[in-house]
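Protein chains in written order, with UniProt numbering: chain Z, 1 to 229; chain H, 1 to 599; chain F, 1 to 392; chain Y, 1 to 164; chain V, 1 to 176.
It is worth saying that the hints were derived from the structure and are not from the lab. Here the structure is a predicted model, which means the values were calculated and not measured.
Calculated pairs, PhoX-like style, for lysine-lysine (alpha carbon to alpha carbon, straight line, at most 20 angstroms):
id	chain 1	residue 1	chain 2	residue 2
1	H	234	V	169
2	F	254	F	300
3	H	73	H	570
4	F	28	F	60
5	Z	197	Z	49
6	H	73	V	171
7	V	169	H	73
8	Y	42	H	550
9	V	111	F	60
10	Y	42	H	570
11	H	136	F	310
12	H	14	F	210
13	H	279	H	346
14	H	303	H	274
15	H	541	Y	39
16	V	171	H	234
17	Y	42	H	541
18	F	31	Z	40
19	Z	53	Z	197
Computed from the model, here is a short list of chain V residues facing chain Z with C-beta under 10 angstroms:
id	residue
20	127
21	146
22	151
23	155
24	159
Backbone N, C-alpha and C define an ideal beta-carbon position, used for all residues, glycine too.
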Amino acid sequence: MKDIDETFRKIDATVPLREELRPRTVTTPDGQEITIEPLKDYFCEAAPKVHPKAYFQIVENFYNWARSNSLWILGFGTGCGAIEMRPLMTPRFDAYRYGVQWRPTPRQANLLIISGYLSVKTLKRAIRAYEQMQGPKYVIGLGSCTINGGMYWDSYNTIKRLDDYLPVDLYIAGCMPRPEALLHGFIELKKLIRAGKAEGTNRYAENFASYKAAQKSVIKDWDMPDYNW
Amino acid sequence: MSLREVLTPFSVWKRVLDAPVSIADPFSREASEHYRGFHKNDMETCIGCGTCEAICQNGAIDMVPVEGQNTEKGDSGLRPMIDYGRCCWCALCVDICMTGSLTMSNEYTWVDSDPDAFRFIPGLNEPWKDKQAGYKRENGRVLSGTTRSPMGELHANERIDNFNEICVGYTREEAILEADRCVECGLCVATCPAHMSIPDYIAAVRDQDYDRGLQLLYETNPFSEVCGRICTHKCETSCAAVHEGDAIAIRWLKRHIVDNVPLERRVELIGAPKPATGKSVAIIGAGPGGLTAAYDLAREGVKVTVYEALPKPGGMMRYGIPEYRLPYDALDRDIAVIEAMGVTIKCATVVGVDVQMEDLRQSHDAVILAIGLQMGRGTRIPGSEGAGVERAVDLLRRITAGDPTVPVPETAVVIGGGNVAFDIARSMARLQKIKYGRVGLTLTALEDRAHFLADKEELVEGDEEGVLILDSRGPQEVMRDPSGQVTGLRTWAVTSIFDAEGRFAPAYDESDEQIHQGALVIEAIGQMADTSLLGDALTEKLEWNRGRIKIDSEMRTSEPWLFAAGDAVKGPDVINAVADGHRAARTVMEAIAQGEVVQ
Amino acid sequence: MFSFQPDRSEYPQPGLDGKLEIDLETGKYLKLWHGPNHPGITGNMSVELTVCGDEVVEGKTHVGYLHRGFEKLMERRTFIQVFPIVCRVCVPEPDFNEYCYAAAVEELAGIEVPELATWMRTLILEMGRFNSYMMFLGGIGGALGLGITGQWMTYVRDLMLDRFEELTGARIYHMFILPGGVRGHLPEGFAARMEEVLQTAETYLADVDKVMFANSVFQLRTKGIGVIEPALFEPYGVTGPNARAGGVAKDVRKDSPYLVYDQLDFEVATGMDSDIFTRAKVRRADIQTSIDLIRQILKKMPKDGPVMAKLPNVLHWKIPRGETYIKGECSRGEYGYYLVTDGSGYPRRINVRGPSYTHAMALLEHLIPGTNISDVAALMVSLHTYPPEIER
Amino acid sequence: MSEANKERLLGKTTVREIFEVATEFERVAHRFYSELVPKVSKDLRWLVEELAEEEAEHIRIFTELAQNPAVEAVLAEEITRPVADPKFSDCVQTPDLGPNPDDQAVLQYALMRETAAMEQYTELAKTAPAGPLRDAFLFLAKEETEHKAELEKTYYEVVHSGGV
Amino acid sequence: MMRDLHALLTPRHALGPLEIRRENLAFVTLPASNLRGFLTELRDTQGFSHLVLLTAVDWLEEGQFQLTYMMNNRARDLTLGVRVMLDRTTAQMDSIHDLWPTAATYQRELKEMFGITFPGSPRLDEEFILEGWTDLPPYRRDFDSLAYSQQTYAERPGRVTHDPREYMKSKLYPGG
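Same shape as in the complex, but just chain Z (with noise of 0.2 angstroms):
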């Protein structure tokens, strides 16, 4: 481990915000004259709330053992990883059979595996995705560049820490991981939900503005609003 170079500066600027971003007044076909304010206009700006837990614990358990048997997973394919996913949707290891299944948008999904690395770039899309989804909802850490940077720890592109900017219930070691290892992860995740023990949703709702934060700090074009679901 090296220690950190405080000696290379750091250029702290953000980038301005896009032109068609920004507030402005336009003529529609009809003639009209309107104003128009992208961000607020296309995006819900209320915070996300936590969710509280079903008054009898009865409830809650059944709750928990209803959610745990369906896990359905976001495809993005955000790194690596999603090579080894495209076995389990298949026959050969058939993760359908463990209540698991893969689903093309955010709005159906309610487990984000985060397949691997995490570049800037779509480190904004995973967390635009991972707002859009239902909660609760869980995430998945997918390989050993998740937990602590894996090979590219010292990558300018990419984040070191998952658990900096979206609340992870459970990580799988391996680079990458075996299908078999996933099974794994799923099953232990149905585990930690079954327990009550996967609350990411609601971390990320109590915790909402140091997440933020730390989003910000490496996302230097934040042009979206800060939640949108």
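With chain Z held as given, fit chains H, F, Y and V onto it using these hints.
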């Protein structure tokens, strides 16, 4: 679009009859025999050299102390800890591992919700301990060289009739090849008594930066020319490369550096000593210990006078080690550098005769005693008194001095298995060759060949030169004819040389008796210090420890003005004497700086 | 069947600078992001489509989602330390990186690779090519809603991965081709197990022929679409199957034989129509070539011998100043490594020439205008691009 | 040990008496070494002191044994452990311990003394009738042999040092 | 073959000496102003019609950027690396996107990663790989990737390592 094109795809419906290809139990599926899974480490074989850490491109490996693993010579006591938040399972660490202790299992599942849990010391409670399968390097250690580049040597025929140096030294190409093999783990540094910065100067050879190399050498050892030739190189036993292949030729590389820097350049590189402090120190004995202390003190601006009883400085390096191992001009160059630092060496000045201890004490701020082990021990077996029996050190000294009365009979017997025994045996063999055209020399030693105290090279070269080496022979009697002339040595076979506790305690077999012919018997079993120069009063005043002057770890004797170093107090080789010399110089500096020395 | 003539009255006209004048605020055009999170995209990249109706008038490729700065990281690593990371440049066919890098280092350092190692390398590369084509067939089927090819091909690919695993010790990132040779010999009975896989593959491929290539829907949606005019090949740097489908038999294996390809017997598959269908068909033929080559290699390769050359101590391995370019024919075209050394222990510069670099950027952007939105996925897949080798 | 001493020992009938005599011999030796200490150069004193100390240790053991009521049983047990004699001292000349002995001379003298004692006790054991008496001699012989072996190790350490 | 070609073209384009790497690969350096003419001639009359790659090498110590245009003649299996040295401070070069449209992509990348401009090249200033980048162009040698990474992205704390040599010193001979 034909009907055929519409219908053909449906023919694959036949697949519904196929057996499903799903793996029924994917959780217990074994990975392949050579799978690169999580690491395993054999804690006992591992030496903590950190080469795995050096090669890891992910910075995934930390060397950490582990309970139960002690730091000792050749083993740092550290063990690799792997951060699986970094590892990429490339197995370069396994490939480079110097001992082969680090391997991989074929275990591949590690799931945890705590991101800090993925740090792991292989070999310490590894869950996959019993798994045999997993990646092991197939071709041995291929990422760093395993064979030493051979040292050019004179052939036995070329060297036996002269005292020319045997080793010719590395060429640049050979040296670079050899230096390239070093993995810079630094395990050797702790073993070197002088703690020379071995990996650094080897790096200098690799970079062909002999100036830097020389400066590094002189930081810890002013006798690089000497040590580069005749050091006992214990460092090479701690070399990480020794576990699978040859140790790095540290000694030859050291010599290579000095061989490549001319004398004047050396003085230039070392630079001028610090300005004079006005202090002065007397050193008795111009051997490696005394001269090292002299060098260090002179560098610090102390006026140093070295008193040497013999006509030339160097001590055992000159009068003990034969010229074919250490040419005199090599030694002279080392001493010249020391003298260039302003050290005065008064040769042929015997303390106790020409100058008295008390005078030295009066005229200097401190006195360092570095008198060495100049007196040879005798076996005192029957017949060993009288002419025809010589002590090795005396004889070597006379040969060096060019004494024409050195006896060179056609046949001779040497008793002893250390380097001194070989030095005299091989010197005598040369003299015999010169005088009679053939070698008639027998060397008997108590030890068996595996336990000879002498370097392995000595045995090999002795054999090559025609010295008859008889191991496991205990001397019983020097045989003499009625006229008193020595005729040979009677020995018994040695059945064992160590007792159960590993102490030296030879046991004999009387039935296996031999008589070795020889007109001269040379005893080379041990040496002792001649402390008579101290005088009775001082001898009485000093404290002693089992026959040697008692010193503390900082080389102080019980007298505040007197310090001691070298073989006489510690022993038994040049590099230890150098280390002592440094220590003594440091202590003396501290002492005179603080004005501790009370006259 | 039926023909459809789009209404192009509102189609953008080139302005004075020759660029299309697309004013989004007129409401005539719509921006549509195709990716990065999209089932119809080849990996983590995106195409910014401007559509007019359901016709695409402009497409801009956006990459960089997978950028790890490999070329920078390689400059920070010693020559041996670069070895583990090169394969990460291309996930589905990592071995080309290992080979090109190893060969470049060997050339500049003057290392002679043992003969058996070159055969092993060829074997690995062909196995990798086979796998990559499996991904392609699955992908092109998937892009057109033909899920079954994806299911089959992933299974067949997995069987090949098992062979990779037993040979190299890993499924995806094999890290087997070390500078100086390869890491090991063939395991006992490897050829027989490989033959089993190849036979299984052939039965599945026969079915793919029926369900996909002979399928009228597939033909209708791929023939005559996404045509690359052969005249564009040189200006746009088109190589590999994309060029071969247009009648140009570009194949580094033949043009500039490397490893043991000059000792192997094979033909380069070509097509004439240069459309999506022909490109798929050429690749289908190439799979057969690969299968044949694997069989040939296993038969012809030396039975025993060393697989590693003698390396200097890799911990301080310095390579004299020089530069070289090593290329090979991967499943997508010409793959190359440009290595510059400066006499130090680190590469001065490594540039990876991935075929997708030209295919997915300039070429794709050139081909997209005028296509239907629904064909964009198939068009992209048919170019067979892997984003990590674009941005590295 | 002179012939007269031998006679004295042979004349003894009880084990206790034999030990008393043996203790007396050790006392003589102890006195000899103690008196030698100031005579030798200071750097050798450690050796002579050590020898004297060892004799003192013997005196202590023998005295203890002589006073032990169960001495016979103890002896019978002790002698079953044989001690190997490496036959070293035999070849070392008995030196004349002159006015200024060196360490090697002192060691050789001590070795000679222990060898002689060992031999004589062994001889006595041979002639003595089986029973506690022979056991006592055997024990003494064994003690001296052990002591001699220790001395030999010291000899090697001192004399065969250096010269590496 | 390479030598003949070199001899033929040297007088017109002021080529530097030919550096032959192997039978079918050689490198040559020429002044930046001659590049366009040289490449056109290579392409149109010598059959070097395939632009394999275009990349840069940062010779920071020499204050220069090296641009390498790798040209390939498939029919004769020849590859020629054409090198142009640029001053590092100005870092500007003629665009060749009109000769090879695909060069525009390479030039965009060079602009972003090295900061070398190619006036006239399409979409040159658009972000290509990086997004919201505010620091030095990252492929420049004076950009320190590790330092940037350490300052920007947190690492998991708690890791300590020991140098075997220093550790042994502390354990075995702390005083020296």
